[in-house]
Structure formats: C-alpha cells, structure tokens
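Enquirer: Letter by letter, the chains look like this.
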Amino acid sequence: MSYFFRKEPEKLIDENGKRIDGRDLYELRPIKMKVGVLKNANGSVYLEWGENKVLAAVYGPKEIHPKHLSLPTKTRLRCKYSMSPFSTPERKKPGPPDRRSIELSKVIREALEPAIFIEKYPKTAIDVFIEILQSAGGTRTAGITAASVALADAGIPMKDLVSACSVGKVDGKIVLDLNSLEDMYGEGDMPVAIMPRKKKITLLQLDGNFTREEFKSALKLAIDGCMKIYEIQREAILNRYKEQKIDLI
Amino acid sequence: MSYFFRKEPEKLIDENGKRIDGRDLYELRPIKMKVGVLKNANGSVYLEWGENKVLAAVYGPKEIHPKHLSLPTKTRLRCKYSMSPFSTPERKKPGPPDRRSIELSKVIREALEPAIFIEKYPKTAIDVFIEILQSAGGTRTAGITAASVALADAGIPMKDLVSACSVGKVDGKIVLDLNSLEDMYGEGDMPVAIMPRKKKITLLQLDGNFTREEFKSALKLAIDGCMKIYEIQREAILNRYKEQKIDLI
Amino acid sequence: MSYFFRKEPEKLIDENGKRIDGRDLYELRPIKMKVGVLKNANGSVYLEWGENKVLAAVYGPKEIHPKHLSLPTKTRLRCKYSMSPFSTPERKKPGPPDRRSIELSKVIREALEPAIFIEKYPKTAIDVFIEILQSAGGTRTAGITAASVALADAGIPMKDLVSACSVGKVDGKIVLDLNSLEDMYGEGDMPVAIMPRKKKITLLQLDGNFTREEFKSALKLAIDGCMKIYEIQREAILNRYKEQKIDLI
Amino acid sequence: MSEIVATIRKNYIRKILRSNKRMDGRNLTEYREIKIEPNFIKNAEGSAMVSLGNTQVLVGVKAEIGEPYPDSPDKGAFITNAELVPLASPSFEPGPPDENAIELARIIDRGIRHSEALDLKKLVIQEGKKVWIIFIDIHVLNHDGNLFDASNIGAVAALLCTKIPVAKMDGEEITVENKWVKLPVKNIPVTITLGKIDDKLILDPVIEEEEILDAKITICFEKNDLICAVQKIHGPLTTEDLEEAIEIGLDKSREIRKMIEEAVK
Amino acid sequence: MSEIVATIRKNYIRKILRSNKRMDGRNLTEYREIKIEPNFIKNAEGSAMVSLGNTQVLVGVKAEIGEPYPDSPDKGAFITNAELVPLASPSFEPGPPDENAIELARIIDRGIRHSEALDLKKLVIQEGKKVWIIFIDIHVLNHDGNLFDASNIGAVAALLCTKIPVAKMDGEEITVENKWVKLPVKNIPVTITLGKIDDKLILDPVIEEEEILDAKITICFEKNDLICAVQKIHGPLTTEDLEEAIEIGLDKSREIRKMIEEAVK
Amino acid sequence: MSEIVATIRKNYIRKILRSNKRMDGRNLTEYREIKIEPNFIKNAEGSAMVSLGNTQVLVGVKAEIGEPYPDSPDKGAFITNAELVPLASPSFEPGPPDENAIELARIIDRGIRHSEALDLKKLVIQEGKKVWIIFIDIHVLNHDGNLFDASNIGAVAALLCTKIPVAKMDGEEITVENKWVKLPVKNIPVTITLGKIDDKLILDPVIEEEEILDAKITICFEKNDLICAVQKIHGPLTTEDLEEAIEIGLDKSREIRKMIEEAVK
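Residue numbers (my numbering), protein chains in the order written: chain P, 0 to 248; chain C, 0 to 248; chain S, 0 to 248; chain D, 3 to 267; chain B, 3 to 267; chain H, 3 to 267.
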C-alpha cells in the first residue's frame with residue numbers, strides 16, 4: 000500500500016552488517032511452499048518467498064495447436080510469466096505481456112528446459128504458467144523455483160530440479176536474495192538458476208557494476224543459495240505425499 | 000446533433016401519465032421493417048424502431064474456416080453486434096469491438112440460438128451481423144428482432160421467431176420500450192426476448208433497482224410487448240413476398 | 000537533422016529555371032544501385048536515389064503458410080513497404096504498418112506483378128520487402144525500381160523490368176523526379192511505373208491539381224524518366240556479374 | 003469434452019437429480035464450502051482470496067488518482083476487470099479477455115454499480131478535477147464452476163477491506179497523506195447463480211454441471227432485497243423458473259451477505 | 003469464385019462487350035441508377051445514403067473539437083475512414099480495415115483534400131489552440147461493385163448537408179452555441195471509375211465485372227475540370243487508355259456533380 | 003533446418019573444432035571482419051552501419067523533446083528498440099518484435115544503462131518539465147549470426163557520432179537553436195558474445211554455429227573492465243565456462259572499444 004510514500008532509504012546495510020529487513024548478508028528470506036494447490040493443473044505450486052507470492056501451474060504434456068508448431072523429436076516447452084494487476088505497488092495494467100515479461104518468459108523457459116527429458120514426449124507441448132500475485136524482488140527466481148517443482152508435481156520426467164535465487168551488490172557488499180528495496184536502490188543484481196546435482200548454470204543474468212572478483216564471489220554465493228533452495232524444494236515435494244489435500248487458503 | 004446540448008429532463012413522465020415522447024406507459028414506439036434489403040446477404044432486414052435504425056444480415060449456412068472451429072453435430076451460430084461511428088451523439092471510434100459490444104454479441108447469440116434448428120446443418124456456420132446505424136435506446140432488442148426475421152429470410156429452418164423489447168422503471172413506474180432519455184435517466188432497464196409460441200424467455204438482463212413485485216409485472220409487460228413485436232415481424236415477412244423488390248432507399 | 004528548422008522555401012524554381020537542388024526541370028537526381036548486397040535474400044538491391052537510401056530484398060518462390068492462401072494456378076506476390084524509424088526527419092514510431100504504408104505496399108505489388116510470369120510457380124509465394132532507410136521524396140518509385148531488379152537478381156522469370164519515377168508540378172511547371180521539398184510544397188505529384196519494353200503503365204497515382212494538358216505532358220515526361228531509369232537498372236544487373244562480391248559498405 | 007462423454011455425463015447427472023441430489027452429494031440449493039481470506043495481497047489497497055469448493059478467485063482493489071468523467075464531475079469512478087488466466091483451466095487461452103471474461107466482469111460491475119455499493123461522491127478529491135479511480139481486478143486461479151458468485155464474493159469482500167490514503171488538492175498540487183481511511187462502501191450486492199437441467203434448478207453449479215446446463219441465471223440482490231442486476235445465460239427459461247430462482251436467491255443472498263460481513267470484520 | 007467460373011464469366015462478359023453492351027444491359031459508359039438520400043442519420047452532423055444500383059453506401063459526418071496539427075495551426079482538419087463491414091459482402095471479413103478499405107478511404111480523402119473541398123481555415127476556433135476536426139465515415143452496406151464512386155458521392159453529399167454549431171473560445175473556456183451553420187464546402191470533387199477488359203473501357207463496373215477486370219482507374223475531377231487525384235488499380239494501362247478515360251470522365255463528372263447538388267438542395 | 007541436416011552440420015563443426023578451427027577458417031576466439039560506417043543516415047541525429055562478416059546492422063539515433071519520468075525529473079531518457087525486419091532473414095516474420103528482438107534490445111539497453119554511457123543528467127532542458135528523449139533504433143539488415151555484438155557496436159558508434167541541437171526553455175516556450183552539440187557519452191560498453199559447443203567456447207558465432215550451440219553467453223564490459231551486464235542464452239554453462247568467457251571478453255572488449263573509437267573519430 001506504500002507506493003505513494005516510497006522513499007530511498009539512507010543506507011541498505013547498517014553498521015552491524017544487518018540488512019534493511021534484518022537479515023544477514025548471506026541469509027535467505029523465509030520461504031513457504033505448497034505443492035498441488037490448483038485442481039485443474041497437472042502440477043501446481045504456491046510459493047511465498049519473503050513477501051513474494053507466486054503460483055506456478057503446469058499443463059501437459061498435451062497436443063499442440065496448430066500442429067506445425069510441434070517438434071518431431073521433442074516436447075515444446077512454453078513458459079508464460081505474468082504479473083497480476085495488483086501484484087505491484089503501482090497497478091500493472093492488464094493487457095498483452097510487456098517487454099520485460101516477454102524476456103523473462105524466455106529466460107525462464109531456457110532455465111527450465113535443460114532439466115526436462117524433452118525427448119520423452121515428441122510432438123507435444125508442456126505449458127508452464129507463472130503468475131506473480133505479489134511482487135517483492137526476485138520474482139523470476141521464485142518463479143523458476145516454483146515452476147520446477149510444479150513440473151515434478153505434474154509427473155514430467157526430469158533430470159534434476161532447477162533451483163534459483165538472486166545475489167546482488169548492495170552498499171558495496173555482495174548479498175544473497177535481494178528484496179525489493181535492495182533491488183531498486185542497490186548497485187547490482189544477478190539472478191541465477193542451477194541444476195543442483197551437477198551444478199550446471201541454467202540462468203544467469205546480471206545488471207549493474209561488478210569487478211571480475213565480485214562476479215566470482217557473487218556466483219559462488221548464488222550457487223550456495225540455490226543449494227539451500229533445493230532442500231526446500233525437496234521437502235515440499237515430500238510433503239505433497241504426506242498431506243491428504245493441500246489448499247491454497 | 001445534440002450531444003453538445005444534452006440535459007437531464009426535469010421529469011420523464013408528466014402529470015397526465017404521458018412520457019417525454021408523448022407515449023403512454025405501455026406503448027411501443029412506431030416500428031417499420033423491411034425484409035430483403037441487402038442483395039449480398041442470404042437474409043436481411045432494415046428496421047426503424049423509434050429513432051433506432053438497424054440493419055441485420057445473415058450469411059450461411061456456410062463452410063467454417065479454420066475447420067477445427069466447426070461442430071460435428073450442429074451449426075455454429077456467430078453474432079456480431081456493432082455500432083457505426085455516426086450512430087451515437089458522440090462519435091464512436093471505429094476499431095475492435097468494445098466490451099459492451101462483445102457482451103451484447105454473446106447475449107444476442109444466446110437469444111437467437113434456441114429458435115434455430117442448429118442440428119440441421121452440422122459443421123457449418125451461420126453468421127448474423129447487426130449493424131446499428133442510428134441508436135436511440137433499445138438497440139439490442141431491436142437487433143434481435145431484426146436478426147430473427149433475417150434468419151427466416153435466409154431460409155434457415157426455425158422453431159419459432161424471436162421477438163424482443165425492453166421494459167424499464169421510469170419515475171417509479173414500469174414502462175414499455177425505453178427511449179434513449181429514459182434509458183439514460185431512468186431507474187432501471189430490462190431487455191427481454193422470447194420465442195413467442197411457447198413464451199420461452201431467451202434473453203433477460205436487468206440493470207437498476209426492482210422489487211420482486213416490480214420485476215414480476217415488468218416481465219409480464221415485456222412479454223406482452225414481445226407479442227406485439229411478433230405481429231410486426233410476421234407482417235414484415237408476409238410483405239417480403241408481396242413486393243417485387245424492396246429497397247433500402 | 001533538420002526537422003526542427005524546416006521552413007518553406009520562397010520559391011522552388013529560380014529565374015534561371017534551376018530547381019532548389021540545382022537541377023534542370025527534366026533532370027533526374029544522381030542514382031547509384033548495387034545488386035546482391037544481402038546474403039540471406041534470394042535477390043537484393045541497395046539503391047541511392049538522390050538522398051533516398053532504399054533496400055529491396057526478394058525471398059522466394061517459396062511455400063506458403065497457411066496453405067489455403069496459396070493460389071492453384073499462380074504465385075502469390077506479396078509486398079511490404081516500410082520505413083525505418085530513422086528514415087524521416089521526425090522519428091517514425093515502429094509498429095504495425097500505417098495506412099500510407101499499407102496503400103503503398105498494395106500499389107507497389109500491383110506495379111510489379113504484371114512483369115512477373117506468375118504462372119510459373121503455382122501455389123508458391125514471392126515476398127518482396129522494401130525498406131526505406133532514408134527518405135527524401137519518391138520512395139515508392141525508388142522502391143519499385145529497386146524491387147524489380149531484386150526480382151531479376153532472385154532469378155524470378157520476368158516479362159520485363161519495371162522502371163519508375165515521379166513527375167510533379169512545381170511553381171506551375173511540370174518537373175521530373177520531385178525531391179522532398181518539391182514534394183512537400185509543390186502543387187502536384189504523380190508517381191508512375193512502366194514496363195519499358197511495351198511502355199505499359201503499371202503504377203499511376205496523382206495528387207494535386209493538373210489540367211488535362213498538364214496531365215498529358217506530365218505523363219510523357221514520366222515515361223521518358225522511366226526509360227532513363229531502365230538504363231540504370233540494366234547496367235546495375237550487368238555489374239552484378241562483373242564484380243566478385245558486392246558489399247553494402 | 004467429446005459429445006459422447008457429455009451425453010453420458012448428462013444422463014448420469016440427470017439420474018441423480020431425479021432424487022434431488024447432486025454429483026458431489028449436495029442438495030439442489032446448497033452452496034459448496036465457501037472460504038474468504040481478506041487482505042491476501044499487501045500491495046493492493048484491498049483484496050480477498052475466495053474459494054467456492056475448488057473454484058478459486060483472487061480479487062485485488064487498487065486506487066489511483068485520476069480525472070472524473072466529463073458527465074459526472076462530482077463522482078469518483080471504478081473499473082471492474084476480470085482475467086481468466088490460462089493457469090486456471092485447460093479451457094482458458096492466453097490473450098485479451100474473451101466474451102466470458104468480459105461478461106463476468108460486466109455482471110460483477112453492474113451489481114456493484116446499481117446497488118450503489120461504492121459511494122462515488124465520497125471519492126472526489128476536487129470536483130471536476132481529481133477523483134479516486136478504483137480498480138477491481140478479478141483474477142480467476144482455478145475454475146471449477148460458478149465463477150460469477152465466487153468473483154462477486156471476492157470483489158465485495160475486497161472492497162469492504164480496502165483502505166485508501168487521504169488526498170487533498172491545493173491549487174494544482176495534490177498531497178497524499180500517510181493516513182488511511184476505509185473505502186465508502188454502503189451496500190453489499192450478492193449474486194446468486196442457478197443452473198437449469200431438465201425442470202430442476204440447481205444452485206452453485208460445479209463445472210461438470212455447467213457444461214451440460216440447459217440454461218443459467220445470475221441474479222444480484224441488494225441489502226434490502228431489491229434486485230439490481232440479472233443476466234440469463236445460455237438457453238431459455240420460463241416465467242416460473244424466474245420466480246423460483248428469485249425465491250431461492252432472496253434467501254441465499256442474505257446468508258452469503260452475512261458470511262462476507264463476518265469474514266471482513 | 004473458382005477459376006473455371008471466372009473464365010466462363012469472363013468469356014461471357016467479353017462476348018457481349020464486343021457488341022458494346024454490358025451484362026445488365028447498360029452501355030459501356032453508362033452509370034447504374036444513382037439514388038442519394040441526404041440527412042439519413044440524425045445523430046450525425048451530416049450524412050447521406052447512396053445507392054449505385056445494388057451498391058449501397060452510408061456516409062456520416064461528425065464534428066469534434068480538437069487541437070490543430072502542429073504544422074498547420076491555422077487550419078481545421080478532416081479524417082476519412084472507410085469500413086467494409088462483413089454485413090456488406092461475403093468477401094469482407096471482420097477486423098481492422100484491410101488494404102482495400104484503406105485504399106478506398108485514402109482515395110476519397112485525396113479528392114476532397116486536393117480539390118480543397120473543405121475550407122479548413124474556416125474551421126479554426128482559435129488559432130493554434132482549438133479547431134474543428136471533421137470525421138467522414140464511409141460505411142459500405144452492400145458491395146456490388148464500384149465502391150469508390152458510390153463512396154465519393156456519399157462523402158461529398160454528406161459534407162454538403164453537414165451543419166456544425168458555432169463555437170467560441172474565451173481564454174481557455176470553449177462555448178458551443180445551439181446555433182448551427184453549414185460546413186464551409188467550396189468544391190465538389192467527383193471520382194469517375196472505369197474498368198478495362200480487353201481493349202474496352204467500361205464505366206461504373208458491377209462486381210461481376212470487377213472480378214475479371216484487367217485494370218481499373220479512378221480519376222477525380224474538380225468543379226473546373228482540373229484533375230485532382232488519380233489511382234490506377236490492378237493491371238497495366240496504356241497512355242491511350244488514360245486519355246480516353248479522361249475524356250469520358252470529364253463529361254460524366256459534370257453530370258454527377260449536378261446530381262449531387264440537386265440531391266442536397 | 004531439418005533435424006538431420008542439423009546433426010550432420012553439428013558433427014562437421016565439432017570435428018573441425020577439435021583442431022581448434024572454425025568452418026570459415028577462424029580461430030576459436032577470433033572475430034569476423036568488422037566494418038563501421040558512422041553517419042550513414044542523414045535524417046538521424048546519429049547513425050552507424052556495421053558489418054560483422056555478413057551480419058549487417060544499421061543503428062539510427064533520434065532525439066525528441068519530451069517529459070522526464072516522474073521518478074527521475076532530473077534526467078533525460080533513452081529507449082532502445084530492435085527490429086528484426088523480414089528482409090534480413092528467412093526466419094524473421096513480419097509483426098511486432100518477438101522474444102528474440104526484445105531480448106536483443108534489452109541487452110543492448112542494459113549495457114548502455116548500467117555503464118552509464120549516456121550522461122542523462124546533461125539531457126535535461128528544464129528539470130521536471132522537458133528533457134531530451136534519445137531513441138536508439140537497431141535495424142538488422144542481414145542476420146548471419148551474433149546480432150548482439152554487431153548491434154552493440156552499431157548502437158555505441160551511433161551514439162558517439164550523435165549531435166543534438168541546443169534547446170532552451172523560457173517559461174512554457176521551448177526554443178531549439180540551430181546549434182548542434184555532441185551527445186554526452188561518457189562510457190563505451192562493449193558486449194562480447196561466445197558460444198559453447200561441447201567443451202569449446204567460440205567467439206562471435208556465425209549463424210550456422212548459432213543454430214547448433216549448446217549455450218551462448220553475452221557479457222558487457224565497461225571502459226574500466228567492470229562487468230555491467232550478462233545474459234546467458236539457451237543451454238547450461240559451468241562456473242569454469244564463465245570464468246573463461248570473462249577472461250576472453252576482457253581482452254577482446256578492449257580491442258573492440260578501440261575499433262569503435264577509431265571509427266567515429
């Protein structure tokens with residue numbers, strides 16, 4: 000409710016090395032994940048990551064229309080990242096995807112695809128929908144994290160999960176998992192996704208100003224963060240089979 | 000020519016129970032209907048209803064493109080209601096249909112469809128186009144009334160005609176067939192369409208504030224109005240075969 | 000760089016009969032043509048005509064998608080004329096083609112089509128793309144001139160080339176090949192294209208005010224101009240086979 | 003759904019309807035379980051997550067400062083929008099709202115508008131110049147039938163918990179204070195949706211029922227039992243059907259209204 | 003239309019053309035019956051319903067107050083738009099105007115523009131600030147060939163019977179008085195359309211003729227016999243064709259102009 | 003390209019890569035011939051035609067006067083747009099920019115933005131009111147691989163040779179003088195693009211290589227060797243790949259930067 004009153008904070012890290020939301024430099028925000036929350040989708044995940052609220056749904060493998068879009072030897076993975084109108088402090092007008100959403104949908108698809116046995120279902124499509132209900136910094140990595148579990152929930156054969164989180168440069172320091180103020184006023188942002196088993200990097204973007212050494216330590220920190228995310232993902236999948244029914248509310 | 004000078008009238012019904020255009024509460028505006036006015040269409044109707052001027056044209060049954068839109072056991076009925084740019088006091092920008100036109104196209108289709116033997120022509124389409132040339136309140140009911148006769152003119156096998164008119168609440172009274180001022184400044188509006196033979200209601204919408212009793216008597220009045228419209232429709236169809244050629248002007 | 004400072008010149012033709020760019024009334028601007036400049040296209044031409052800079056590329060004959068657009072006994076010729084955003088003094092917003100470009104694409108297609116043996120490749124498409132990199136009056140005739148040579152460069156069997164140039168009325172005089180100031184402030188403009196061998200007119204448009212006699216002499220002048228263009232086109236095609244490699248820059 | 007499957011299902015549903023029961027064990031005029039979670043979205047000025055059985059709808063309310071419509075300079079405005087995002091159903095396609103999404107938004111809008119649920123005159127910052135524009139965004143998350151009632155509950159609950167900051171105008175300058183007040187909501191419209199199969203009316207149809215309905219009707223009731231909006235959908239109805247629907251609706255609408263008021267307390 | 007049907011029809015039309023006759027009995031340079039009904043639409047500032055045989059076109063003129071173009075602060079503006087609504091022909095599709103609709107609108111626009119039919123300087127309310135914007139909307143209702151001439155007659159007749167209210171500006175305030183004046187029309191451009199089949203030119207082609215034409219040409223004449231717009235369409239023409247077309251057009255344009263003036267009296 | 007052709011080509015390219023050579027005879031970390039022709043377009047405020055082997059890109063820079071963004075009243079703005087016009091490749095389709103065109107534009111934009119190549123504060127005409135808006139339009143003319151680096155060279159070269167007129171504001175009036183000054187460019191970001199096939203990184207991939215790459219990475223370096231933008235495209239990379247890519251990129255980016263500076267002198 001705050002966009003009328005938004006103000007740049009004086010500093011993002013205090014004298015005790017604490018961040019504006021009280022976290023340490025290498026600390027993730029609290030994460031909560033529910034698997035199987037949407038009845039219609041083949042797989043679905045609801046993820047709260049700090050103040051982000053994200054839904055991911057997977058439909059497929061399914062027939063493709065029109066047919067000439069199908070691939071003879073593999074599945075066509077399609078991703079759609081979108082932000083609901085009320086997800087941001089300023090209302091996001093509904094309509095065709097904006098340029099940012101189109102780019103994000105592409106890089107998310109490319110982050111997820113290496114983890115899927117796409118040769119298993121030639122000529123089909125798998126649709127991944129990521130809906131940002133509330134946005135608070137790091138929605139693309141939250142989206143990848145949720146979508147990867149939703150793919151597993153849909154029973155899509157996978158080589159590995161995909162675990163994602165961002166690192167950034169804030170008040171000259173490399174920190175894990177930027178929140179929205181750090182994202183807005185920090186000096187750099189680097190979202191990363193990996194396939195945790197072999198530590199293959201499937202998403203890497205960077206904005207800002209990093210020396211070569213900063214880049215190196217940021218990447219290491221990001222991979223460490225992704226490994227923590229990986230644990231959370233595995234636990235959520237296990238829970239899915241413990242509970243009778245998992246409700247969104 | 001009047002939108003620069005539009006003003007809300009002090010009252011819509013005078014002390015003698017006469018409406019702003021001189022009508023009694025339960026009186027229809029004058030109606031004129033010509034069948035077969037457009038050469039290219041399979042069926043067509045030009046309707047003047049008060050100051051409304053409406054054209055309806057029917058094309059079909061015809062092949063459907065792309066084929067996957069066709070229905071295996073019945074005709075696909077498609078309706079398009081649209082207002083010409085000069086039909087309203089303020090110019091209506093041409094372009095894709097606005098939200099009102101999309102909703103109206105849907106409810107008009109649903110008002111007409113029950114009257115058609117849609118199983119007669121499986122895999123085909125019937126297109127109904129309703130073009131509002133001049134709008135003066137009640138264009139959707141005028142459109143349904145005209146389109147239903149245009150369907151008959153096109154030789155489409157029908158269970159019944161569809162006859163439509165609106166009722167409303169004006170200065171606290173239930174009245175038949177709202178004109179544009181009554182529509183704009185009245186307390187309620189209820190367009191209705193029926194298949195007259197069995198008095199099945201195929202369109203019913205309502206906006207405004209009606210008690211349960213008002214609703215009941217409004218519905219009765221609407222059905223009575225539709226029955227009068229039905230007579231006019233039948234007469235217009237008969238005339239079609241009396242005249243050599245029916246011209247728009 | 001001049002649109003901030005554009006001003007109507009006092010006169011377009013001086014007392015010595017010289018035009019604002021120093022030309023005589025019946026003189027073409029300098030023309031330079033390079034054939035085969037784009038590697039991907041089947042045929043391509045880069046044309047400098049005065050300060051116009053135009054690229055034309057031809058792709059095809061090729062398969063058509065969707066198939067129902069193909070013609071059973073002939074090629075479907077498709078043309079797209081478009082202006083790059085920086086081609087005009089005021090930036091031209093990218094986006095769907097504007098109304099002028101759509102009309103021009105149509106008349107250009109109709110100017111080129113009579114010169115092609117379109118029966119040779121039934122069910123196929125030939126795509127002609129004309130890209131105006133810099134615009135300085137007469138882009139449609141420059142585009143036709145370039146595209147016709149690009150068609151020949153693509154090896155499309157042709158009955159004849161198509162040669163085009165404009166004539167106009169400036170300070171009351173009929174002149175050849177209007178530049179942008181003459182186009183903007185003159186009294187009339189008439190772009191013409193011909194198939195030179197039989198002098199068939201395949202493009203003719205006119206804007207402005209011409210008496211019957213002016214029209215007649217303008218048409219004659221235009222055809223003479225086209226014949227000069229024809230020579231330049233033939234020479235460019237010959238050069239194509241002399242040079243090892245023709246580069247854009 | 004193939005026509006054969008539809009026929010088999012229709013016959014099955016009809017059969018159990020003859021004994022006045024539903025596929026899921028409900029009575030003819032029984033709602034599925036309704037859950038309302040207000041203030042679900044922090045970035046919205048108001049919001050509610052609603053579930054009606056497996057139908058899930060999230061409604062967010064946002065407020066912006068804008069200009070009034072020229073013909074109502076003394077009123078704020080509101081805009082209702084519905085998105086049937088493809089995440090919610092295999093039958094929803096990406097792209098601009100189709101006729102179903104538009105009809106949904108327009109019906110919810112009409113209920114709010116004609117019941118005067120929002121006191122638009124109180125949304126004026128300076129007459130003729132600046133007013134609050136309220137956006138009601140209906141986001142369907144899982145479609146399992148009866149989107150209208152779920153959306154209406156969500157929209158009304160979201161409006162009831164919406165707070166907007168105090169805004170003032172001094173000359174051409176607008177000041178927005180970090181002081182929040184409740185949106186002026188003065189009525190609670192409630193839509194009641196019934197389907198017709200053969201000669202039976204059934205409340206709150208689930209999607210399998212919706213797909214084979216002969217007709218559907220949504221009636222919106224105000225606090226004082228007035229009818230403020232009606233929309234008949236799909237096939238024909240009789241006068242008797244309508245009377246029965248109103249009978250049922252009057253009753254149910256009072257229950258639902260109470261439930262909403264309870265949830266946003 | 004299949005290619006075979008086209009060939010048969012072409013041969014038939016050619017055959018009768020050899021005796022200088024048309025399918026419908028007309029001479030080569032004869033128009034179909036022209037009817038003009040001005041002021042057909044009350045909600046428009048001006049309008050005309052025109053029929054040219056079975057070709058029917060309705061043109062409406064609307065006036066709005068807007069800002070002048072930056073490069074002509076001392077002039078009002080006009081915009082010509084044409085809609086080929088699917089009601090008018092099985093070959094028209096719903097959707098944005100295609101190249102045919104755009105070409106139609108642009109040709110009619112050019113005739114009006116280059117003949118200076120509208121005195122744009124008289125449409126200024128206050129220079130550089132507010133001017134009248136005139137919208138000419140061409141609505142084709144039935145397409146039976148030669149849309150250009152029918153539309154041009156409709157557009158010019160509609161302009162001739164258009165009345166706009168008197169508007170004044172006082173500071174930033176605009177006052178529109180309920181006092182109506184004629185639109186300042188000072189020229190009557192007339193388009194003449196001819197088709198070519200084999201070596202014959204035929205006036206006012208009907209749709210069956212249009213579908214097999216080798217070429218088509220539209221020439222727009224001003225009051226004083228000046229040519230103010232030309233558009234060759236489809237296939238090639240010779241210099242001789244053009245001279246003949248102008249010959250015929252000069253004559254016919256005077257007749258049509260008289261007819262229009264008569265109709266709007 | 004059919005899958006079989008792709009496999010054959012992939013095997014061929016792999017085979018020669020084993021001896022650290024490329025299809026076209028280049029070393030693994032060698033650019034194709036780079037040509038830069040600045041000021042190609044007279045109607046643009048700045049422009050550059052660039053070729054990278056057979057990849058040809060024309061970039062035009064235009065300046066317009068507009069309003070600043072509300073959250074940065076003390077800054078001008080720039081907008082980067084890329085068009086993959088169908089003239090440039092059989093794989094480009096007419097229509098709005100697709101994900102590839104958008105990604106291209108956004109990467110070039112990010113390099114310029116995060117290196118602060120444009121001194122936006124110097125583009126203010128009057129704070130909060132009027133600023134220069136710089137449009138960078140990337141027009142791909144022939145796509146033969148590595149559009150990113152060709153476009154970046156074009157964009158930066160075009161900016162470096164851009165001149166804009168001096169504009170002043172006096173009250174609400176803007177005066178633009180016929181006096182031209184260089185655009186305030188204070189950094190030269192250089193993108194370096196490498197592809198990965200098997201375990202090899204190759205610089206400046208040609209289109210036949212791009213079509214079979216396992217992964218691709220673009221890194222943008224500022225003048226002082228800072229990394230200001232990265233985008234991994236397509237498949238996965240390892241930490242070691244990234245370190246190697248930065249190693250190569252640091253070196254090459256200095257060369258390319260010199261080349262650009264030379265070309266616009």
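Check each hint, because a few of them may be wrong.
Capping the alpha-carbon separation at 20 Å, the derived lysine to any residue pairs in SDA-like fashion look like this [stated by the list, open to error]: (1) P:K215 to H:K44; (2) D:K77 to D:D172; (3) P:K105 to H:T9; (4) B:K131 to B:Y71; (5) S:K6 to B:S74; (6) P:K73 to H:T9; (7) C:K244 to C:N41; (8) P:K66 to C:H67; (9) H:K37 to S:Q243; (10) H:K44 to S:D182; (11) S:K158 to S:D97; (12) P:K31 to D:G237; (13) C:K91 to D:P72; (14) S:K73 to B:E95; (15) C:K31 to C:E186; (16) S:K6 to H:P167; (17) C:K33 to C:K241; (18) C:K105 to D:V183; (19) H:K170 to H:G68; (20) C:K227 to C:Y25; (21) H:K188 to H:G237; (22) P:K31 to P:G21; (23) H:K184 to H:D253; (24) P:K122 to C:E234; (25) D:K267 to D:V183; (26) H:K17 to H:K170; (27) B:K132 to B:K170; (28) D:K188 to C:N41; (29) C:K197 to D:T241; (30) C:K92 to B:E95.
In short, the hints are calculated from the structure, not lab data.
Enquirer: Does each hint hold? Answer for all of them.
Expert: How the hints compare with the structure:
no.	hint	in the structure
1	P:K215 to H:K44	violated (45 Å)
2	D:K77 to D:D172	holds (19 Å)
3	P:K105 to H:T9	violated (25 Å)
4	B:K131 to B:Y71	holds (10 Å)
5	S:K6 to B:S74	holds (13 Å)
6	P:K73 to H:T9	holds (15 Å)
7	C:K244 to C:N41	holds (15 Å)
8	P:K66 to C:H67	holds (12 Å)
9	H:K37 to S:Q243	holds (19 Å)
10	H:K44 to S:D182	holds (18 Å)
11	S:K158 to S:D97	violated (32 Å)
12	P:K31 to D:G237	violated (45 Å)
13	C:K91 to D:P72	holds (16 Å)
14	S:K73 to B:E95	violated (24 Å)
15	C:K31 to C:E186	violated (28 Å)
16	S:K6 to H:P167	holds (17 Å)
17	C:K33 to C:K241	holds (12 Å)
18	C:K105 to D:V183	violated (40 Å)
19	H:K170 to H:G68	holds (13 Å)
20	C:K227 to C:Y25	holds (11 Å)
21	H:K188 to H:G237	violated (35 Å)
22	P:K31 to P:G21	holds (19 Å)
23	H:K184 to H:D253	violated (29 Å)
24	P:K122 to C:E234	violated (58 Å)
25	D:K267 to D:V183	holds (15 Å)
26	H:K17 to H:K170	violated (63 Å)
27	B:K132 to B:K170	holds (9 Å)
28	D:K188 to C:N41	violated (52 Å)
29	C:K197 to D:T241	holds (11 Å)
30	C:K92 to B:E95	holds (19 Å)
Of the numbered hints stated above, those contradicted by the structure are hints 1, 3, 11, 12, 14, 15, 18, 21, 23, 24, 26 and 28, listed in ascending order.
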